[in-house]
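Participant: Okay, here's what each chain looks like letter by letter:
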Amino acid sequence: MGMPVTSVPAEAAATPAPADHALARIGRAVRSNRKAAIGTAIMAVFVLISLFPGVIAHDDPELDAYKPRLGLSAAHLLGTNQYGQDLFSQLVYGTRTVMLIAIVVGLATTAIAVIVGVAAAYLGGLWDSSLGVITDVLLVIPLFPLLIVISAYAHGATTVVMIISITATSWSYTARQLRSQALTLRSRDFLEAARVRGERRLYIIVVEVIPTMTSLIVASFLTNALYAVLFSSSLQFIGIGDPNAVSWGTTLYWAQNNAALETGQALWAIAPGVCIALLGTGFALLNYAFDEIGNPALRPVRRPRRSARRA
Amino acid sequence: MRRLTTIGVFIGAGLLAAGCSAGSGSGSQGSGSGGGKSTSSSVLTISNENGATWTCAFSPFNGSDTLVSVGFVYEPLVYVNPLQNGATTPMLATAWNWAPDDKSLTFTIRDGVKFNDGTPMTAADVVFTFNMLKKYSALDLNGIWSVLTGVSQTGSNQVTMTFGAPAVPYFYYLADQTPIVPEHIWSKVSNPVNFTNPNPVGTGPYAVNPCTKDNITYTANKYYWQQGEPHIKKVEYPAFLTNDAANQELANGQAQWGAQYIPSIQSYYSAKSPDYHYWFPPTVNVSIVPNLTDPQLSNVKVREAMSYAIDRGQVSNIGETGYEPAANQTGIVTPTFNSWLDNSALASWGNAYDPAKATTMLQSAGYHKGPDGIMVNSAGKKLSFTVINIGGYSDWVASMQVIQQELKAVGIQVTPSNLTNTAFDQALYYGHYQLAYYDQQTFGPGPYYELTNWLYSPNTAPVGKQAATNYERYSNSHPAGLIRSYAATTDSAQQHSIVSQLEQVMLSQVPIIPVVEGVDWYQYDTGSFTGWPTSSDPYAQPPAWAYPDNEQVLLHLQPK
Amino acid sequence: MRYALRRTGFFLLTLWAALTLNFLLPRLMPGNPALAMLSKFHGELSPKAINALDILFGVNTRQSLLSQYGSYLHQVVTGNFGTSLAYYPASVSSEIGGAIWWTLGLVGITTILAFILGTGLGIVSAWRRGGRLDSLMPPVFVIASAVPYFLVGMVLLLIFGITLHWFPQGFGFYVSTDKPGLNLTFFQDVVNHAFLPGMSLLITTIGTWILTMRNTMITTLAEDYVRMARAKGLPGRRIMLDYAARNAVLPNLTGFAMSLGFVVSGAILIEDVFNYPGIGHMLLYAVQGEDYPLMQGLFLLITVAVLVAILIADLLTAFLDPRTRAAR
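Residue numbers (my numbering), protein chains in the order written: chain A, 1289 to 1599; chain B, 2 to 561; chain C, 2 to 329.
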């Protein structure tokens, strides 16, 4: 899992506009940006798969019903694994668990990041310093080893343990970004106007500031969801998760345990990894697109077409 | 720009060059014949993953060091072959005799045996060894002093052991599992329990020379009492940290004697060379262990139904890739102990896999299938249990998945709870579980050893207290009496008859439900050496860690 | 100077936070992990080992939490992490000492290479905005940031190790044929075995460097002084390297801090795929073997290493960037 593709948080990155145009602006931007379009398409496919797995895959993913190590065929699109389970079904049903983790952790982490980031920016002073310190500390402590250790003490990372531990530890990066943006917004005119009007601080934060930060909040959600997917599948891959769960990471664990690569069952090991990469790409493309929307300097330069006319 | 590209190209080329040169340099090492130390075909290399580097401690009484010291450097009095029903080979003892009341056992010690430092071995060393175990109980790994009352020299080359009560099966532990150490060295050690013994002196075919944390080299003992032995003058025992590395070097031919679990062994290993072979002799049962204090599991019909509902062949094929054969309800491990199997009793049990019979049995016990497909009785109690399993044993987890699906088909719901090793042990020993999936690692020259663990009532304890081996809380004086009478006889026919009756107990009372048979992992390369134990010639338990059987293998092997 | 002091202060604070987290975690989790270990070994543990378990995990609740904390800090600061349970009776420090060189070598060399190559490619890509390299970069590396580390490792292993037999299929060296030590055969073998894991780590981490460098370059290239340099007619390469890149590298160095956490995660996963005998692999072994002292020791080591590296990067930034030196 690489670093998030967004730029180093730049203070002047946000281009604020009145709140009610934000969503419309996003919608327009998504449609016109090719990356966003592809990303949305990928996400849509996965969301559909996780909502209606039975439509696409006809077999129970856990049933050791078939002959082991069957090759690709119409009945078994990706063949069967050593236990006689249909690999395609495993991936399709696994989508559900992965999407669940991605969305729940994404939402929860983003919520914490918004609260911490915006509160730090607006409350200032001691609040800002202490929240800032906590954020920075969590930012530099290596998260994956921490998650491994937490899971070990919890005697295994079931889905619930994973959701809680990943949420509790990975909010700091996006919190920092949100705080930066909130800080730049503080001095904008429309907020000054609200203050002069006499609106309470909480009102300003919730009704004026947060809607203006929508694009960054959405980008944060995508980043956090991406990390949730990568962290949780990595934990399952190394064998800390629940081996009886149906998820891409657990399929990888079983493949690895049975030396799938060395024994001619490469698809068993590679296919779930490719799924993770695809889903991650969806999140990352959308994220990148949002970044470009927010920072026009990063937009791809279109080479001017040479006109047929010569001077 | 050009400068950057040039730099980039140089770096890339440099990396490739380093990679390729290293790659091709070691390419010949990799596939096919082993390179380096093992090219000479008279050096045997062992592939047994230890998970850690060697400590270079060789005390034959320390459980972590026995596998590198006993068999190589130390020998027992008699070699007893568990795979051939206790066939004996005299080693340091040439003869032995039980007294008529079976309360004393006399050994005649072999003459002309020397330790690897040239000192002669005598009966005094034998007496010293046994009495040292009495003095320091931490060294008594097999608990032989729980039955011995005395060991003394009763002639120039005779040693007599006396017992409080007849304990004939302990012959295995006394004669086969007790390595003899030199008195002139161990009597000078202030605390034998902590003694690391870095330069082991024994009567065995090899001496350690040298030991590093990465590898132990054994060289032939020039004072060894068997003329011309060992044929293999040098044995290497590398310290493998990961299973994968051990498997690969075995598959590459860099090691020839394996004790490895290899997934998909045909494609991973045996397909790579016609000289590569494997054999997995079954040793113990892997069983479903019910907690007999559970109100529903205390009903023998429920347990019988479970036994009939499980397709053991399927569990073996899917869960264990066919490596571990199906077990049977008598608890006799086949084909290892075929001669003990009461065929007529097993025949009367009928088809081992009979889901229809299972369903009928449950119905006769007052259960009917509820709307959710789970059997429920008139009081509303469902046949729904949790089964504890060791999460780290992926083949057990996979087997349990198959069992779960098969039990579901007859209306019994089991939910696996995959625990860590320690958590599992705690739950099992103290009885805090409903069902468990487990094997008892007690293998001996007959089914008596494992069956005793499961059936002997004094070995159990109530829930909340630690049970020694009888974890299912089985309490019945009849089998306990049978077991005691087995211990008091040396007559083979009587022993067989007692075991037959124990099999009847297993069939009629179903205290545990054997599912598959645990095996020894064993691979061997006939390209460089001959004389390996095989299924047609099981002269010893084959893995390198099995002692003192490994000595027998080492003595039989010859370079090609 | 004040910046340097601030960063050092932050380092100490984070170090303290990590130590305290390490102390609190096992005590907060349900069921004390060390209790189970004690009963498993029933009486076979040396008093030294038991004492260490006590201090590290708070088995003995006679002591108040505060005094336990004190003993714990003292123990950690003196480098005593107790006795390993999986490798009993070896001490945790000796076991870690054996494995750390493998990871240092792998991660150290790969990170340096990734930094150099990545920064270079990022500079070039930003300089030639709209060029082929630049339009290829973003989508390729967007995908790269989403690909799990282990997938890259597995694909490389499958193609170059298993199918083509160009490289060994894992581990650090050939155990049965090598004599570890300072000899050429061993060294060659180590490089041979390290190539695929190193490549995987390089491929997955380089994307970050390229992209961050590219983005900061782009921002820098929009600055006035660059425009001034262009107006003056300076040669392109000179502007790119001496004016823009030099200033763009510095924020990259701060980015190094955050990427290090990911490099560590990547190292753990890649060591798992290739069975590479480093500390990442040892951490997983410790978890599987419920060796809590070893796990604690490794976690602390990894955290401290990351923190120290970040501190060095921060201090280097302070040293190199005149703006921070002159600040306030």
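Just so you know, these hints were derived from the structure itself, not from any lab.
Treat the numbers as computed from the prediction; the structure is a model and nothing was measured.
It is possible that part of the hints are untrue.
As the list claims (entries may be wrong) - Below are the SDA-like pairs computed for lysine to any residue, each with C-alpha atoms no more than 20 Å apart in a straight line:
hint : chain 1 : residue 1 : chain 2 : residue 2
1    : C       : Lys180    : B       : Ser43
2    : B       : Lys273    : C       : Leu165
3    : B       : Lys409    : A       : Glu1350
4    : B       : Lys214    : C       : Pro90
5    : C       : Lys49     : B       : Thr56
6    : C       : Lys49     : C       : Gln64
7    : B       : Lys409    : A       : Pro1349
8    : C       : Lys180    : B       : Thr461
9    : B       : Lys466    : C       : Gln64
Participant: Taking the hints in turn, state whether each one holds.
Facilitator: Cross-check of the supplied hints:
1. C/Lys180 - B/Ser43: Within the cut-off at roughly 19 Å; holds.
2. B/Lys273 - C/Leu165: holds, 15 Å
3. B/Lys409 - A/Glu1350: Cα-Cα ~13 Å, so holds.
4. B/Lys214 - C/Pro90: holds, 14 Å
5. C/Lys49 - B/Thr56: Between C/Lys49 and B/Thr56 the Cα gap is close to 19 Å, so the pair holds against 20 Å.
6. C/Lys49 - C/Gln64: holds, 18 Å
7. B/Lys409 - A/Pro1349: Roughly 16 Å between the alpha carbons, so the hint for B/Lys409 and A/Pro1349 holds.
8. C/Lys180 - B/Thr461: Judged against 20 Å, a Cα distance of about 50 Å means the pair is violated.
9. B/Lys466 - C/Gln64: Roughly 28 Å between the alpha carbons, so the hint for B/Lys466 and C/Gln64 is violated.
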